Amino acid sequence: MAYSPVVMEHFKNPRNVGEILDADGIGEVGNPVCGDIMNVYIKVADNRIEDIKFKTFGCGAAIAVSSMITSMAKGKTLEEAMKISNADVAAALGGLPPNKLHCSNLGADALHSAIKNYQDRLAGKPVGGEADREPHHKGTGQCYCPYCEMKVDEEAEFCRSCGQELPQEHDH
Amino acid sequence: MSMIYLDYQSAAPIHPQVKEAMHRHLETVFGNPATDNQVGQPAAAALDKARLQVAALINADPKEVVFTSGGTEANNHAIKGVAIGLREKGRHLITSNIEHKSVLNSLRTLRLQDYRVTSLDVDQYGLVDPAAVEKAITPETILISVMLANNEIGTVEPIAEIAGIAKKHKVALHTDAVAAVGVIPVDVQELGVNFLSLAANPFYGPPGVGALFIRKGTPIWPLLDGGLQENKRRAGTENLMGIVGLGTAAELAAREMPERLPRLQALKERLRQGLAAAIPEIKINGYPDRCLPHLLSVSVQYVEGESLMMMLEDEGIIVNTRSACASGSLRASHVLIGTGLDFALAQGTLVFTLGRETTAADIDRVLEAMPGIVQTLRDMSPLYKKEHTT
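Each protein sequence line maps, in turn, to chains V and Y.
Quick note on numbering: the first sequence equals residues 8 to 179 in the working numbering.
Quick note on numbering: the second sequence equals residues 7 to 396 in the working numbering.
Please note that the accuracy of each hint is not assured.
Straight-line C-alpha distance at most 27 Å; calculated DSSO-like pairs for lysine-lysine [stated by the list, open to error]:
no. : chain 1 : residue 1 : chain 2 : residue 2
1   : Y       : Lys-141   : Y       : Lys-95
2   : Y       : Lys-25    : Y       : Lys-95
3   : Y       : Lys-238   : Y       : Lys-222
4   : Y       : Lys-86    : V       : Lys-19
5   : Y       : Lys-174   : Y       : Lys-141
6   : Y       : Lys-238   : V       : Lys-60
7   : V       : Lys-81    : V       : Lys-132
8   : V       : Lys-158   : Y       : Lys-107
9   : V       : Lys-123   : Y       : Lys-86
10  : V       : Lys-50    : Y       : Lys-141
11  : V       : Lys-81    : Y       : Lys-391
12  : V       : Lys-19    : Y       : Lys-289
13  : Y       : Lys-86    : Y       : Lys-238
In short, the hints are calculated from the structure, not lab data.
Just so you know, these numbers come straight off a predicted model, no measurement behind them.
Working from the sequences, and respecting the hints, build out all of it.
Following this line, the structure appears as structure tokens:
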């Protein structure tokens with residue numbers, strides 16, 4: 008596995024695994040088609056994340072990201088936690104292989120989703136029992152092949168110019 | 007090896023006698039088989055000997071064996087060679103949707119050249135229905151390509167039956183037998199195929215070398231154009247060291263198969279039964295009645311394959327996985343999805359492939375390690391709790 012020692016450490020000894028049954032906010036992102044599912048549970052006091060836990064279905068990177076981002080968010084104010092980005096998590100982990108960067112996106116999304124969920128509840132917005140599952144992000148325009156940078160159709164299985172299979176999670 | 011190695015499918019240690027034969031060849035022969043003098047003749051002899059060894063393994067005539075750089079080249083050659091050679095006759099090909107990517111992507115390239123391809127569905131066991139093959143045949147069909155054994159789930163396909171149908175309709179039949187040759191008995195006369203692909207690494211030969219069986223009298227265009235090697239069917243100066251390795255491995259496989267096959271089958275059974283007994287909510291993939299003896303594909307509910315694989319590696323056990331995250335393309339296995347497995351379950355798939363050096367103690371160690379690892383990951387999984395409370 009081309010993972011950094013920090014990633015391996017967080018994979019083997021993940022921090023903050025679990026659920027919070029009476030959580031103040033829950034973020035649930037991902038779907039099995041893309042491979043990873045992350046749930047983040049937070050308890051908020053004085054505008055700070057007093058406690059945070061996660062449950063993840065995913066690869067080594069996904070578990071490491073979940074462990075790292077929950078560690079980074081614990082004790083922070085909600086504003087500070089909302090600013091934690093996928094790039095921050097990847098950097099804290101000592102970098103991730105390029106094909107695993109989407110796992111760090113998922114981590115940031117799950118944390119932010121939990122915070123939004125808490126804020127929605129506070130505002131009295133109806134919170135559905137169902138998960139706020141993020142489907143594949145559709146970009147706002149043209150997709151490009153990550154290998155040869157020629158244009159490709161959205162949802163194309165492979166690039167017409169170089170033949171490479173297009174990952175389902177790719178940048179726009 | 008101090009680790010427990012159960013990923014023979016990805017790479018197998020080369021058989022000691024194969025290494026010896028290759029080394030001896032390297033030390034003594036450097037000539038080009040095409041040169042008819044005292045330097046070239048030993049090379050030509052080595053090439054001939056290897057050809058006889060490979061032909062014997064599959065019960066072919068040596069003249070029907072064309073050496074290639076492996077299974078992928080053989081598959082490309084069969085498909086593109088027939089397409090180009092028979093393009094006046096028709097432009098329709100039939101295959102299954104669980105073929106190896108070298109078959110599916112060769113067909114994809116043909117689609118861009120206005121060939122039509124019918125890709126047949128398989129059942130939950132990965133089996134191709136010969137009746138479905140017959141139904142798909144049209145007057146324009148020039149080739150049917152169905153693998154002999156699937157490299158991800160181990161299912162052995164009814165090739166002899168399909169060959170009967172192909173012959174009846176006068177359509178050529180190719181089979182990708184890379185996962186089968188050298189592992190189970192493969193007889194091209196019994197099977198009745200026109201083309202068969204094989205590679206050395208599944209039976210402890212060097213990777214990067216294989217062969218395409220081309221039945222006498224079957225027309226096919228070359229894949230590699232150029233010189234006159236392989237009786238003008240496959241140009242390029244031969245990888246003679248590799249071919250010597252392939253030949254030696256083939257001879258050993260033929261001789262040792264009566265001992266290897268039942269031993270591996272028994273070890274696989276031990277693993278299968280042990281896992282089924284120790285771990286709830288797993289699925290064994292493939293067709294139980296007709297499966298490769300050394301391959302076990304197991305899908306573990308609620309957890310993801312790469313994590314399983316990494317935790318097993320931590321315990322000194324090497325296996326393979328079929329999760330999307332672990333694949334280069336970040337897509338789920340087309341084979342598992344083809345058998346109707348749902349995405350989440352497909353993500354939790356491990357593939358164990360046993361080999362020469364696998365012992366019962368190795369299997370027992372895996373059975374010891376797996377339950378704890380599975381439980382750790384299930385406790386971490388959002389899917390596990392949900393399923394158990396609803």
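* Asked: Taken at face value, is the distance from the CA of Y:Lys-222 to the CA of Y:Lys-238 at most 27 Å?
  -> Holds - the C-alpha atoms of Y:Lys-222 and Y:Lys-238 are around 14 Å apart, at most 27 Å.
* **Restraint check for Y:Lys-238 with V:Lys-60, where alpha carbons must lie at most 27 Å apart** => Roughly 66 Å separates the two Cα atoms, so the pair is violated.
* Below or equal to 27 Å on CA atoms is what counts here, so check V:Lys-123 against Y:Lys-86. => violated (55 Å)
* **V:Lys-19 paired with Y:Lys-289 [C-alpha distance capped at 27 Å]** => Measuring from Cα to Cα gives roughly 26 Å; hence the hint holds.
* Keeping to a limit of 27 Å between CA atoms, is the pair of Y:Lys-86 and Y:Lys-238 held or broken? -> Distance of about 16 Å is within 27 Å: holds.
* With a cut-off of 27 Å on the C-alpha distance, tell me whether Y:Lys-174 and Y:Lys-141 pass. => Given that 27 Å is the threshold and the Cα spacing comes to 13 Å, the pair holds.
* Restraint check for V:Lys-50 with Y:Lys-141, where alpha carbons must lie at most 27 Å apart -> Between V:Lys-50 and Y:Lys-141 the Cα gap is close to 61 Å, so the pair fails against 27 Å, i.e. violated.
* Asked: Under the criterion that the straight-line Cα-Cα distance not exceed 27 Å, is the pair Y:Lys-25, Y:Lys-95 satisfied?
  -> Since the Cα atoms of Y:Lys-25 and Y:Lys-95 sit roughly 45 Å apart, the hinted pair is violated (cutoff 27 Å).
* To do: Please work out if V:Lys-81 and Y:Lys-391 have their alpha carbons no farther apart than 27 Å.
  => holds (24 Å)
* 27 Å Cα cutoff - pair V:Lys-158, Y:Lys-107 -> holds (24 Å)
* Asked: Does the structure keep Y:Lys-141 and Y:Lys-95 at a Cα separation of 27 Å or less?
  -> holds (19 Å)
* **Given hint V:Lys-19 paired with Y:Lys-86 - CA-CA distance at most 27 Å** => Answer violated: Y:Lys-86 to V:Lys-19 is near 47 Å, above 27 Å.
Checked against the numbered hints above, the structure breaks hints 2, 4, 6, 9 and 10 and satisfies the rest.
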